[in-house]
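Visitor: All chains should be built: construct the whole structure from the sequences, respecting the hints.
First to last, the sequence lines map onto chains A and B.
Last residue of the first sequence? That's 109 in our numbering, and every number before it is there in order.
Last residue of the second sequence? That's 1589 in our numbering, and every number before it is there in order.
Worth double-checking, as some hints may not be accurate.
[What the hints assert, rightly or not] DSSO-like mimics (lysine-lysine), calculated; alpha carbons at most 30 Å apart, straight line:
1. A:Lys62 with A:Lys81
2. B:Lys1457 with B:Lys1361
3. A:Lys62 with B:Lys1169
4. A:Lys42 with A:Lys84
5. A:Lys62 with B:Lys1171
6. B:Lys1498 with B:Lys1512
7. B:Lys1389 with B:Lys1400
8. B:Lys1336 with B:Lys1017
9. A:Lys42 with A:Lys62
10. B:Lys1457 with B:Lys1252
11. B:Lys1400 with B:Lys1252
12. B:Lys1252 with A:Lys68
13. A:Lys62 with A:Lys43
14. B:Lys1169 with B:Lys1098
15. A:Lys62 with B:Lys1498
16. A:Lys68 with B:Lys1457
17. B:Lys1252 with B:Lys1361
18. A:Lys68 with B:Lys1389
Source of the hints: derived by calculation from the structure; they are not laboratory data.
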Amino acid sequence: MKTKTIERRVATPARQPSELWQLRLYVTDSTPKSLTAFANLKKICESQLKGSYRITVIDLLKQPQLAKGDQILAIPTVVRKLPKPVRTIIGNLSDTERVLVGLDLRPTG
Amino acid sequence: MRNNGPKSPTPAALLPKCPTGIQGLDEITGGGLPRGRPTLVCGGAGCGKTLLSVEFLVRGAVQFDEPGVLMAFEETEAELTANVSSLGFDLAGLVERKKVVIDYVHIERSEVQESGEYDLEGLFVRLNHAIDSIGAKRVVLDTLEALFASLPNEAILRAELRRLFRWLKDKGVTAVITAERGRDQLTRHGLEEYVSDCVILLDHRVNDQIATRHLRVAKYRGALHGTNEFPFLIGAEGLSVLPITSLGLNHKVSNERIATGIPRLDAMLGGRGFFRGSSILLTGTAGTGKTIISANFAQAACRRGERTLFFSFEESPNQIIRNMLSIGLRLEPMVKRGLLRFHSARPSLYGLEMHLATMFKEIAAFQPQVVIVDPITSLMDLGTSSEGKGMVTRLIDYLKGGQVTSLFTSLTHGGHVLQQSEAGMSSLMDSWLLLEDFEGNGERNRVLYVLKARGMKHSNQVREFLISDHGVDVVDAYIGASGVLTGSARAAQNSLEKAAVLANQQEAARLKREVERKRTAIERQISGLRSDYEAEAVELRRIAEQVGTSTLMLTTQRAESGRLRQADANVAAGTRDRAKHGPNGSRSS
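Guide: Pasting the structure below:
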């Protein structure tokens, strides 16, 4: 079911590929959750936004001051900085459907 | 919890406290919140939770040199700064000087999508970063429960909160966590389950149209604390909790006595007036002279060079000064010299607690040695009787703590009920003077008596209390079989007594004269008798002499006749001898 949806998505992308997507992944160290999240995010981006995305991984243990700016509480968190508006998804991104909704990669309804 | 087990023997000694600096709260908790542990502050909306926690931080940073972190979940930094600036807290300044860090945590649930597992490590990182950046000792989480609305997964949240409190303890910071009051548990989301060292409940309720905030320490593990509900105020200088009953009755006491300004009244109080630092109650019906005695007391204190604070809830300062001038009490110079200060306010201006806080503030600012409250009953009418009594207790405790002598006047409403109605308050007072109106003989007169005076010999007598152009005087009332006589009745009684004395004196003089007269009469009689006797004695002597003479004469006569009869006798004798001895017998004779 899920796979089918994704394939449909691929056929009709919601966004213009010309737009460069800026994604930030906030993690703390290389915990299993963080690694899973990064893998999941990468997979989704590859399938949806191939070539037009950039993922920045921020380790809050190294840069704790950055947590405030994006109101990070939960780890891991993905923040879509561009295109506007800012979107936030928390969790290890194992639920692809929710990630797509969260990133606004599929039209609601 | 596990930590408490082995260190239970002397928990009070081992449990370090973190002073809040909030007026009254440290007294209730015996020194502050448990250091290095989280404290839960819960209450409904508008109770002052945020204010309490912010004040805890600000005072910590300013007074105790303990920097703090404020993690705000509901209000932004700017909002918080503006809100507390009205209380004189300069949050922005403290932030600038790196004494306080404010971190506004906000998650809009609609903007966040959840996918898969997560934890709240981000919160920990932020908190840790904030704490380490300024070396914070205090942390406030206000209101942590907002997270329950932002994050959909309650199971994760609960697990993470448990971890958070553990982490805070390990970090060694003293934390205050605020939470909304729940319906049937302390907090809406059961946070008390995680924070179990100290729980403070705040409450805001309306009684008789007067809203009062209350604070209660519901739990304080390992420490003695006041368990009662204490009213608290949000005043111009932050929060102040007003302990109704202070935890100890251990005021210092003074043996010094101070005069009342009325010499005869001093005399009634063992000759030297009241004890310094004692509390005095002056009850009386309207117009019995309560304010006058108070003003006298104030003047006497000012003359000794003591500062006196006069709280007046019925008259304006100028009115009191004018009225007292009419009986020769000049208060104005005292006011000008800065020895006497009036504070007048209408009782209905604000609630009981606010009045009390204002009074505390005035007292703290003026540092008086004598405080007069005229009348305390106006204030007590504002709340319920227990609240009123509580307020007086707090005021007295506060004043006694500073060895301030306090005089409270109390307006009563006639009859003998007054003694009962004041009984509650009187137990707090060291001395109790009663002023009463005596009606009779077509006039009203004032009397005064000492109902009680702890620790001193005092007169048990009713005295009449006179007010004249020259001030007040206390005179002996006449107490006799017909009761207490005052005023003109006393004067009449006095003249009656004088007349009686005069009559007695006259009677005595008369008796003396009578006795004198009797004495002279008797003496006269005696001298008459004596002269009679003397006359008789003379007669007797004369008779005796006569008798003597006649006896002599008789003897002489006898002798003469004897001599005349000699011969015959001799002859007769001779014949008798001769008959016996012979014829020569006659020669021997």
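Visitor: If a hint holds in the structure, say so; if it doesn't, say that too.
Guide: Results of checking the hints against the structure:
Between lysine 62 of chain A and lysine 81 of chain A the CA atoms are separated by roughly 21 Å; this keeps the pair inside 30 Å, and the hint holds. This hinted pair does not check out: lysine 1457 of chain B and lysine 1361 of chain B have alpha carbons roughly 35 Å apart, beyond 30 Å. Pair hint lysine 62 of chain A plus lysine 1169 of chain B holds up; C-alpha atoms about 23 Å apart against a cutoff of 30 Å. Distance restraint check for lysine 42 of chain A and lysine 84 of chain A: the Cα-Cα separation of roughly 20 Å lies within the 30 Å cut-off, and the hinted pair is therefore satisfied.
This hinted pair checks out: lysine 62 of chain A and lysine 1171 of chain B have alpha carbons roughly 19 Å apart, not beyond 30 Å. At roughly 21 Å between alpha-carbon atoms, lysine 1498 of chain B and lysine 1512 of chain B fall within 30 Å of each other, so this suggested pair holds. Among the hinted pairs, lysine 1389 of chain B with lysine 1400 of chain B is consistent with the structure: their alpha-carbon atoms are about 16 Å apart, no more than 30 Å. A threshold of 30 Å between alpha carbons decides the hint, and for lysine 1336 of chain B with lysine 1017 of chain B the separation of about 46 Å lies outside it, so the pair is violated.
Only pairs whose Cα atoms come within 30 Å are accepted, and lysine 42 of chain A paired with lysine 62 of chain A is accepted, the gap being roughly 22 Å. The straight-line distance between the Cα atoms of lysine 1457 of chain B and lysine 1252 of chain B is roughly 21 Å, inside the 30 Å bound, and the hint therefore holds. For the proposed pair lysine 1400 of chain B and lysine 1252 of chain B, the alpha carbon gap of about 8 Å is at most 30 Å, so the pair holds. A C-alpha spacing of about 54 Å is found between lysine 1252 of chain B and lysine 68 of chain A, which places the hinted pair above 30 Å, so the restraint is violated.
Between lysine 62 of chain A and lysine 43 of chain A, the direct Cα distance comes to roughly 26 Å. Compliance with the 30 Å bound is thereby established for this hinted pair. The hinted pair formed by lysine 1169 of chain B and lysine 1098 of chain B meets the criterion: a straight-line CA distance of about 23 Å does not exceed 30 Å. Straight-line distance between C-alpha atoms of lysine 62 of chain A and lysine 1498 of chain B comes to about 106 Å, which puts the hinted pair past the 30 Å bound. With a CA separation close to 73 Å, the supplied pair lysine 68 of chain A and lysine 1457 of chain B exceeds the 30 Å bound.
Of the pairs offered as hints, the one joining lysine 1252 of chain B and lysine 1361 of chain B holds, with about 22 Å between alpha carbons and a cut-off of 30 Å not exceeded. Distance check on the hinted pair: lysine 68 of chain A and lysine 1389 of chain B sit about 51 Å apart at the alpha-carbon level, beyond 30 Å; violated.
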